[in-house]
Every structure is written in C-alpha cells, then in structure tokens.
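Trainee: In case you want the letters, here they are:
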Amino acid sequence: MTDTRSTAKAEVPDTPAGRSRRPRGRPLLYTSYTQDMALLDTRAKKIWTGLLVLLALSLSVVLADRSLEVLAGAYVLAIGAIGLNIVTGYAGQVSLGHAFFVAIGAYTAAAVSGPRGGEHLGLGLAEIWIWLPAAGLVAALFGVLVAPLATRLRGLYLAVVTLGLVFLGEHVFKEWDHLTGGPGVGREAAVPQLFGLPLDQDGFATKEQQLYVLMLVLLIVFAVAARNLARSRIGRAFSAIRDRDIAAAVIGVPLTRYKVLAFGISSFYAGCAGGLFYSISGYVEPGSFSLLLSVQFIAMVLIGGVATVSGAIAGALFISLLQPITRSLPELLPIVSADTTVTPNVFQVETVLYGLLIILFLVFEPRGLFGIWIRVRTYWKSWPFSY
Amino acid sequence: MAVLTVEDVGLSFAGVRAIDGVSFEVGPTELFAVIGPNGAGKTSIFNVLSGVYRPQRGKVVFLETELLGRRPDEIAAMGLARTFQNVELFHNLTVLDNLMLGRHCHFGYGTLSAIAWFGRARRQELEARARIEDIIDFLELAAWRRHPVRLLPYGIQKRVELGRALAMEPRLLLLDEPVAGMNLEETEDMARFVLDIRDELGIPIVLVDHDMGLVMDLADRVLVLDFGRQVALGTPAEVQRDPKVIEAYLGGTA
Ligand SMILES: Nc1ncnc2c1ncn2[C@@H]1O[C@H](COP(=O)(O)OP(=O)(O)OP(=O)(O)O)[C@@H](O)[C@H]1O
Ligand SMILES: [Mg+2]
Chain B
1 MTDTRSTAKA
11 EVPDTPAGRS
21 RRPRGRPLLY
31 TSYTQDMALL
41 DTRAKKIWTG
51 LLVLLALSLS
61 VVLADRSLEV
71 LAGAYVLAIG
81 AIGLNIVTGY
91 AGQVSLGHAF
101 FVAIGAYTAA
111 AVSGPRGGEH
121 LGLGLAEIWI
131 WLPAAGLVAA
141 LFGVLVAPLA
151 TRLRGLYLAV
161 VTLGLVFLGE
171 HVFKEWDHLT
181 GGPGVGREAA
191 VPQLFGLPLD
201 QDGFATKEQQ
211 LYVLMLVLLI
221 VFAVAARNLA
231 RSRIGRAFSA
241 IRDRDIAAAV
251 IGVPLTRYKV
261 LAFGISSFYA
271 GCAGGLFYSI
281 SGYVEPGSFS
291 LLLSVQFIAM
301 VLIGGVATVS
311 GAIAGALFIS
321 LLQPITRSLP
331 ELLPIVSADT
341 TVTPNVFQVE
351 TVLYGLLIIL
361 FLVFEPRGLF
371 GIWIRVRTYW
381 KSWPFSY
Chain H
1 MAVLTVEDVG
11 LSFAGVRAID
21 GVSFEVGPTE
31 LFAVIGPNGA
41 GKTSIFNVLS
51 GVYRPQRGKV
61 VFLETELLGR
71 RPDEIAAMGL
81 ARTFQNVELF
91 HNLTVLDNLM
101 LGRHCHFGYG
111 TLSAIAWFGR
121 ARRQELEARA
131 RIEDIIDFLE
141 LAAWRRHPVR
151 LLPYGIQKRV
161 ELGRALAMEP
171 RLLLLDEPVA
181 GMNLEETEDM
191 ARFVLDIRDE
201 LGIPIVLVDH
211 DMGLVMDLAD
221 RVLVLDFGRQ
231 VALGTPAEVQ
241 RDPKVIEAYL
251 GGTA
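Taken in sequence, the protein lines are chains B and H.
In this text, residue positions in the first sequence follow full-length UniProt numbering: the first is 1, and each later residue adds one.
In this text, residue positions in the second sequence follow full-length UniProt numbering: the first is 1, and each later residue adds one.
Hints were generated in silico from the structure; no laboratory data involved.
Note that the Cβ used here is the ideal one computed from N, Cα and C, for glycine as well.
Possibly wrong hints are sitting among the right ones.
Computed, partial: chain B to chain H, Cβ under 7 Å [stated by the list, open to error]:
| # | residue |
| --- | --- |
| 1 | Y33 |
| 2 | V62 |
| 3 | G252 |
From just these sequences and the hints, can you work out the full model?
Mentor: Structure below.
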C-alpha cells in the first residue's frame with residue numbers, strides 16, 4: 001500500500017496552483033505536496049468527515065433534550081481531552097493536574113460572567129466570546145507557571161507533582177467561598193450568552209438544542225486547531241521531546257520553551273472546557289474538581305488513542321456515554337449507593353471502572369479505540385486475504 | 001579560516017578524565033576524523049561540541065563564536081548538526097516527520113499561524129517539504145518515506161539520522177560511527193554519501209569511526225585519542241606511521 005503511494009509521488013514537483021485534480025480511483029496518488037499534506041488527504045476521509053458532521057448536526061432535531069444535554073457535555077469534555085492529549089499524548093509530559101486547570105477555567109468563566117455585586121464574585125460580562133477566551137487564558141497562565149516543573153521532573157515524579165495541584169486546588173476552592181460558594185453550596189456557572197441572546201433559555205430552539213449546536217461547533221473549531229497544531233513545527237517538536245528529548249535539543253528544539261508551550265496550550269483547552277461544561281447545567285460545585293476528574297480525562301485519552309485528536313474525541317464520547325449507565329447503578333444494584341459517604345458508592349465504582357478500562361486498553365490495544373479502528377480498516381482493506 | 005577551533009578542552013566525570021587537553025581545528029571543506037580505542041573520549045568530544053556536556057576547561061570556537069556555555073538548541077541553530085553513535089531518532093514518527101524536524105530552526109512561523117494553518121505556516125511547510133524531498137532523493141529513502149522509523153532496518157535508520165542532520169542545512173556535520181554495525185554494502189553506500197556531502201554540498205565533516213579502512217580512505221586529517229589524551233594528529237599516512245598510535249592500538253597501554 002504505502003509503496004505505491006510513495007513512489008507515485010516521488011519525482012512529481014509541487015504544483016504551485018495548489019489544488020490540482022487527482023485521477024479518479026487513485027486515492028493515494030498525490031500530484032502536489034499541498035494535496036499530500038492536506039488535513040483530509042483522501043476523498044474517503046473528506047466524505048466521511050462531512051457525513052459525520054451532518055449526522056451530529058441532525059441529531060439536534062432527532063434526539064430528546066435529555067440526550068442532547070449529555071452529548072453536549074461529552075463534546076465539551078472532548079475539548080478537555082484534546083487538551084490533555086496535547087501535553088501528555090503529543091509532548092509526553094504526564095499530567096494528573098488536568099482537573100485543576102478545568103477548575104480554573106470554570107471559575108474564571110463563572111466570575112467573568114456572573115452578576116456584578118451579587119453574592120459571589122462577578123464582573124457581569126455574560127457574552128461567551130468574552131468569558132470563554134478569559135477562562136482559557138487564565139488557565140493557560142497557570143499552566144505556564146506550572147510548566148517549569150516539567151523541565152526538572154520526568155514521568156512519575158511529574159505525575160505526582162501535578163497530582164498535588166489537584167489537592168491544592170480542591171482545598172483553595174473549598175475555602176474561597178466568595179468565588180466558589182463553598183462545598184455543597186456552589187455557585188451559578190457562566191451564562192452562555194451570544195450577542196445578547198442567552199442560549200441557556202429557550203429561544204430559536206429549545207435550550208438543549210442551542211447548547212448542543214454551540215458545543216458541537218466549538219468542538220469542531222478546537223479539534224481542527226489541534227490537528228493543525230499537531231502537523232505543524234510545534235506539534236512535531238512536541239513529539240520529538242516525547243520520543244527523545246536530548247536528540248530534540250540537539251536538532252534545535254528548545255526544551256523548556258516547548259514544554260511551557262505544551263502546558264500552556266493544554267491548559268487553555270482545559271480552561272475553555274471548564275468554562276463551557278458547567279454552563280450547560282448552570283451550576284458549579286467545588287467538589288467536582290477532584291482526582292476522579294483528572295483520571296477521567298486520562299481514561300479518555302488512553303481509551304481513545306494517545307496522540308490522536310479523533311481518539312480523544314472518541315474517548316470522551318465513550319466515557320461520557322458510560323456515565324449515564326454507571327449513574328443508574330444504584331437502582332439496579334442496591335449495594336451500590338448514590339451517596340458519597342457510603343461505601344461502595346457510584347463514584348468509587350466509576351473510578352475502579354476507569355482504572356480497569358485503562359489497564360485493559362494498555363494491555364490489549366495501547367493505541368486505544370483509534371487502534372481498533374485502524375485494525376478494522378486494514379482488515380476490510382485486505383479482505384478476503386487475512387494476513 | 002577554520003570552521004571549528006577546539007583549544008585545550010578538558011572534561012571529567014567524578015574522577016574519570018573523559019577528555020584531557022584536546023586541541024584541533026577543522027577547515028572549511030575538511031573531512032576530519034577522530035579515532036581511538038573504546039572509551040577514548042570520542043563521543044564525549046561530540047557531546048561537548050553539541051552542548052550536551054559542559055567541559056571544565058578549554059575553549060571551542062565555531063564560526064567565530066564561542067560555543068561553551070550555550071544550550072544544545074542554540075548551537076543547533078548556529079548550524080552544527082550531528083548524528084549519534086546509537087541511533088537517536090524519534091521512533092514513533094515517520095521518516096518524513098523525522099526529516100521535517102531537522103528543519104525546525106528554519107521555520108519562522110508562530111503558534112497562532114500554526115493553528116490556523118494559513119499564510120506563513122502553510123507556505124513554509126510546503127517549502128520545507130520540497131527541501132526534504134531533495135534529501136530523500138539524495139539518500140535514496142523514497143521507499144520508506146511514510147514508515148515509522150522504529151520499523152526500519154538499522155542501516156536505514158542510520159541513513160535517516162544522517163538525513164535529519166542534513167535537513168538542518170548544517171555548516172559543520174559531526175558523524176559518530178556512521179557505519180558501525182553495517183555490512184559491507186551498507187558501509188560502501190554510507191561512504192559514498194559522506195563523500196558526496198563534503199564534495200557536492202561542501203559541508204565540512206568531523207567523522208568518528210572504528211573502521212580504520214574507511215577512516216584512512218576518506219579523511220583529510222586524523223586525530224588519534226587514547227584515554228582522553230591526544231596521541232597524534234596528521235594526515236592518514238603520517239598517523240599510520242606514528243609509533244605512539246601503533247602502541248595505543250596494539251595494546252601497549254596497560
Ligand atoms: N555521562 C557520563 N558519565 C560518566 N562517565 C562518562 C559519561 N560519558 C562518558 N563517560 C566516560 O568517559 C570516557 C569516554 O567515553 P566516550 O563515550 O567519549 O568514549 P568513546 O571514545 O566514544 O568510546 P566508544 O568507542 O566505545 O564509543 C569513558 O570512560 C566513559 O565511561
Ligand atoms: Mg563513542
């Protein structure tokens with residue numbers, strides 16, 4: 001397969017006109033580097049991606065509001081998972097602190113959009129195009145501040161230190177109730193208002209439909225941005241640092257700068273996801289940002305596929321759709337409680353389940369759902385010859 | 001005017017003197033070889049030149065700039081490229097991506113441009129790709145372009161690593177045992193590439209290798225090291241006649 005592709009293109013010079021046509025039925029014959037380096041480099045990929053987006057859009061009129069809400073949440077978590085994949089999957093810096101950056105985003109967004117002079121800290125700027133970038137940037141700032149740790153620590157040590165961030169954050173968020181409302185109470189989340197139109201109230205369509213489309217559009221934007229980043233000099237430098245950091249430095253990649261950049265961008269994604277996620281339910285509680293949330297993101301990345309954007313999305317959908325099932329466990333299995341103070345409770349069952357899933361995937365398919373997809377694809381490509 | 005001047009460099013690790021007062025110069029189109037028994041300090045010299053190790057004393061001037069104290073990425077940006085004794089490629093990436101990484105310093109676009117993949121980013125990536133294809137042609141790597149390098153045979157990996165160094169458009173190239181572990185045919189191929197790089201691309205080279213035949217055939221001058229110390233420096237013919245060299249190699253060192 002690969003050989004036809006390579007030799008076909010070997011001597012053909014780049015056509016400056018850019019978009020040149022390729023002969024039908026030869027999906028892997030490239031006649032210009034532009035074609036070869038395109039994001040969706042085969043016709044099949046273009047068609048399937050188009051269909052998938054159409055399908056996702058059409059779900060907004062097909063599905064019930066309750067399901068739309070779950071899916072909208074899944075799309076937002078996918079944005080967060082793509083973020084974690086940037087720092088951990090591409091750049092190879094294991095971070096257990098993702099929940100912390102999600103929290104920073106959630107509270108920045110809530111504080112920027114919250115009513116001025118109310119019970120909680122609020123600036124009264126409810127427009128999403130103000131609070132969303134603000135949430136991303138403040139989280140990115142924290143990411144950049146934490147990043148220098150990654151230049152001193154590796155692997156397990158880095159994981160433990162970033163875990164410390166989560167505990168630190170949990171404590172601060174519990175104590176600082178002017179910002180967070182305190183444990184068990186919480187506060188109102190950011191209001192998704194677009195040009196004066198509050199999307200969390202029924203308007204053009206139902207509240208859930210509006211939020212669903214908003215999150216879908218944002219996910220596409222964030223995903224395309226991440227794909228572009230991954231195929232640029234920056235994404236390549238991240239992978240180089242992950243695979244072999246000394247060689248990366250010797251070919252001219254400044255390690256510190258790129259680790260800081262990876263943490264910054266990853267935290268930006270986390271912050272935006274945090275701001276958006278709680279705007280769906282309209283409410284943030286400081287207990288949400290525990291280790292479980294970080295583990296959830298890691299599970300999404302590992303189950304979906306390390307260092308692939310589509311894998312992070314698949315993993316986020318998988319985990320999010322698993323949650324309604326686990327949350328209904330107390331009704332099916334009376335020994336499992338919905339109360340966090342009782343053992344065993346749903347959250348403990350979830351943590352164990354994520355752990356198990358991570359182990360199973362690491363052992364049987366380290367490339368995650370993405371790897372399974374590749375296997376299925378090659379199977380059908382080579383069918384009926386099974387080698 | 002010398003491209004590289006090394007003056008009285010000394011490097012030790014907790015008592016082990018890896019390099020002990022070594023001095024040499026490399027001319028503008030010279031193919032300069034460094035030889036010596038195992039543990040003589042050859043790789044350590046490369047590590048000092050590329051900024052991985054910091055020597056305790058000495059001076060290294062590359063293109064009229066002092067190198068010591070600079071970070072590896074700064075030195076790379078100045079035009080010093082190297083290969084490693086044990087192949088140090090980016091294993092999960094394809095041959096293309098490994099070569100594109102060699103051009104890292106030649107890109108001038110930023111993060112936002114990368115995310116939008118528009119204008120500068122797109123243009124420079126396409127340009128870089130065209131350059132990389134020249135290297136792929138030159139090193140005859142076309143058949144492996146899209147393979148992850150970890151799946152390639154060792155000899156090809158060595159060639160990809162050479163390609164990555166060439167992609168940097170270096171002004172001096174350091175090759176650490178480029179033919180180690182290769183069969184005769186692969187060795188001849190590599191020798192041809194090394195000569196072509198020097199003669200056609202005009203890049204000066206410092207070569208480390210244990211293959212005496214290869215070194216004596218290719219090199220303009222040879223530096224012989226033993227236990228970090230300089231034993232001899234001269235043309236291949238001079239060095240081969242030097243009794244101190246014969247002693248170092250035939251085990252008079254005990
Ligand atoms: N990072 C290090 N820490 C401690 N000692 C080192 C280190 N690097 C090199 N050495 C020591 O320095 C000496 C020179 O090593 P070097 O790798 O430069 O030898 P070499 O000439 O490249 O040998 P070979 O032909 O086996 O590659 C050896 O005694 C080695 O043990
Ligand atoms: Mg060596």
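Trainee: Quick one: which hint numbers does this structure break? Sort them smallest to largest.
Mentor: As far as the earlier hints go, only 2 is violated by this structure.
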